[in-house]
Amino acid sequence: MPADERDLLARVARLSLEQKVRLLTGANFWSLHSEPAIGLRRLVVSDGPAGVRGETWDERNHSANLPSPTAIAASWDDELAEEMGRLLAFEARRKGVDVVLAPTVNLHRTPYSGRHFECFSEDPLLTARIGVAYVRGLQSAGVGATVKHFVANDSETERKTLDAQVDERTLRELYLAPFEAIIREAGAWSVMAAYNGVNGEPMTESSLLREVLRDEWGYDGLVMSDWVATRSTTASANAALDLVMPGPSGPWGPALVRAVRDGEVTEAEVDAKVVRLLRFAARVGALDGPSAPVPSFDHARVAGAIRRAAAAGFVLARNEGSVLPLEPSSLTRVAVVGSNAAAARTMGGGSATVFPAYAVSPLQGLQTALGSAVEVDYSVGVRTSARIPVAGAPWVRRSDGGEGVEVRFVAGDGTVLGIDHRPGCAFTWHDAFEYPVPVERIEVHAVIRATDPGAYTIAGSGIGRFRLLVGGKAVFDGELKVPEGADVVTGLMVPPQVCHVVHLDRSEESEVVLSHVVGSAAAAGGGGGVSFQLGLQPPYGTDDEEIERAVALAREADAAIVVAGTTAEVESEGFDRSSLSLPGRQDELVRRVAGVNPVTVVVVNAGAPVLMPWADEVAAILLVWFPGQEFGNALADVLLGRADPGGRLPTTWPQSERGLPSVRPRDGVLAYDEGLFIGYRAYDRDGRSPRYPFGHGLGYSSWQYGSIHAPECAPPDADLRVTIELRNTGPRRSKEIVQLYASHAEGALDRPVR
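Numbering (my numbering) for the sequence shown: -1 to 752.
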């Protein structure tokens, strides 16, 4: 037995059963217990995967916002993925975080999945290669990666209770394959057991944890549960789960102590879990020693890395007549159209949320890059969201004239326990408030100031009991509930709203108070914690009016750039999409603009495939995913030819919704009836053509493929080396991604074409 293993066992031997069991449930939402008697300090975990938020959900807690995992995978560049992992490690250490809850290596089984943006690809090999590099980069700096969600957690509908029925061959060849590669090649330090069940066993109780993960793959790391995923004591403890999250309550604790004393779980099993926890702590520097040093990233380097990574994942899907790149010297006027152009989506919703210090919109990026020599006109085009957006500048201020709003924490007797000034109007607290007496309610005080005359819609959003006062009058006093059957994260990302319209003249003001009763969310289906928002919609034109304005601008412009995309209402953790169409009247907007300007470039700002019925009617299509805080700068780089669009599709973009795997369980069961045939494998089998196939992507140069050299045969377990002569025959420096596909010889098994 190695000396370090003997040391871990000796430390465990110094603890009582109660002390050991205490370590196996989180201390709170984001941290694990310390145990000074054995040299164990507190460990901190944080959500990823496109940034490290830290322990607080607060817009003042700034984090670097990296491109989403699908955008990274679209680069097909494992060196870039490893660099992003190192950048995340820098962010983690800067924030005092030991463990990043990423990467997500579930597959793009279907484009309907609400969390599609958080996964790498539909292909297990591409997912594995990018995932291995990501984990290596992260752990090279002493920060633990948590590979999730083990396994078959590929959609959101009923995710906490569904049972995924997957045959063993499909499970191993597709869904387990990325996990296996990352465990064996990158040595991931922790794995997260998913909410769902697989073939009749909840994943926190699944035999796959011991029989495949530990025994077959030799995994010696930590297995933690997804948050509140553990629903049993004995079954989960005997199934090789090590850590229940979050804490401090849960199904283990005193119940597990009793189970050990009653002989239902052996103390040796508990000891083994604690050993794995301590081994994990040692790896991240939480056992007898300081944390690993912060990697050497400065802020300018971080911004540059994010900007390069974003451009590397942009996929040029169409470029008729080589209209891209645009030549700035030939431009005098450019029309920029679309709500996502001014308020771009840089990240997906849910646990992937971070708060960057800044985010460059496409409009800002193009204005900066083109300068004063080119007139850049903007039109919103159409509204894409039916919800009232979160309130913000320039319409909201405090009563003392300061920026943002005043948040008051009030006790039951009316005493104001504390006051906080917040620049934003979305609020989330996961853990208890640190005041000497309980907080009964939270009040948000704001002044709404009209910039233009018209109707202003004020909204309160959240779960639980709320009171909304406008101009000193109560316009709502009641309960907002999570829709029946909805995931609790739905209530966090798209909570129910109550609205009130006030008519204001220019510069007229109205005082607003939104109060929430702390603890009322649980009874309304919202779980623990506190989360709510103050919303505001200033006056706006109708869609018809805005479309006509966009068309007028496009008609007079040298080029029209339409930024179309999804919203948090349709693409987020917690729920799946019901349609692949762009929300609102965006399809109509694109067609109308393209009808008056032959140089119409559509930038698709979505984390997952959308339908593009107008694809053959526009000059160019650039798929940009959720590209992080440098979105606008990276977009300008690519549109103006300063950078090549480096991406290739990591997932198939369908032409219609026909034949796509379902995300809707029947009687609690989600049958993976398609077997191995997801994504391009299904299209190959059926002889159908998608809108854009897996691996598709154009560049700004041309390439000539020469002779290909490969052995005629190779042993079954040997690597196959293929050499290709490749020449850039275009006028520009460019990048080509060489893709090699293999087909099986004929046999008895039903195999994918490639």
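Because the hints were derived from the structure by calculation, they are not lab data. In this text the structure is predicted, and so the values were computed from the model without any measurement. No residue lacks a Cβ here, since even glycine has one placed at the ideal position from N, Cα and C. Please note that the accuracy of each hint is not assured.
[Unchecked claim] Only pairs whose alpha carbons sit at most 20 angstroms apart, straight line, appear in this in silico SDA-like list of lysine to any residue:
hint: 1; residue 1: K158; residue 2: G526
hint: 2; residue 1: K733; residue 2: K158
hint: 3; residue 1: K471; residue 2: R396
hint: 4; residue 1: K733; residue 2: R640
hint: 5; residue 1: K158; residue 2: R640
hint: 6; residue 1: K93; residue 2: R406
hint: 7; residue 1: K733; residue 2: G697
hint: 8; residue 1: K471; residue 2: S576
hint: 9; residue 1: K733; residue 2: P688
hint: 10; residue 1: K158; residue 2: S576
hint: 11; residue 1: K479; residue 2: G523
hint: 12; residue 1: K471; residue 2: I440
[As the list claims (entries may be wrong)] The calculated label-pair distances, taken between Cβ atoms and stated as ranges, are:
hint: 13; residue 1: R259; residue 2: F474; range: 45 to 53 angstroms
hint: 14; residue 1: G470; residue 2: G198; range: 33 to 41 angstroms
hint: 15; residue 1: A384; residue 2: S705; range: 53 to 61 angstroms
hint: 16; residue 1: G539; residue 2: S700; range: 42 to 50 angstroms
hint: 17; residue 1: D475; residue 2: V321; range: 50 to 58 angstroms
hint: 18; residue 1: T721; residue 2: E77; range: 19 to 27 angstroms
hint: 19; residue 1: D475; residue 2: E267; range: 48 to 56 angstroms
**Report entry** Hint numbers not upheld by this structure, sorted from lowest to highest
**Finding:** 2, 5, 6, 8, 9, 14
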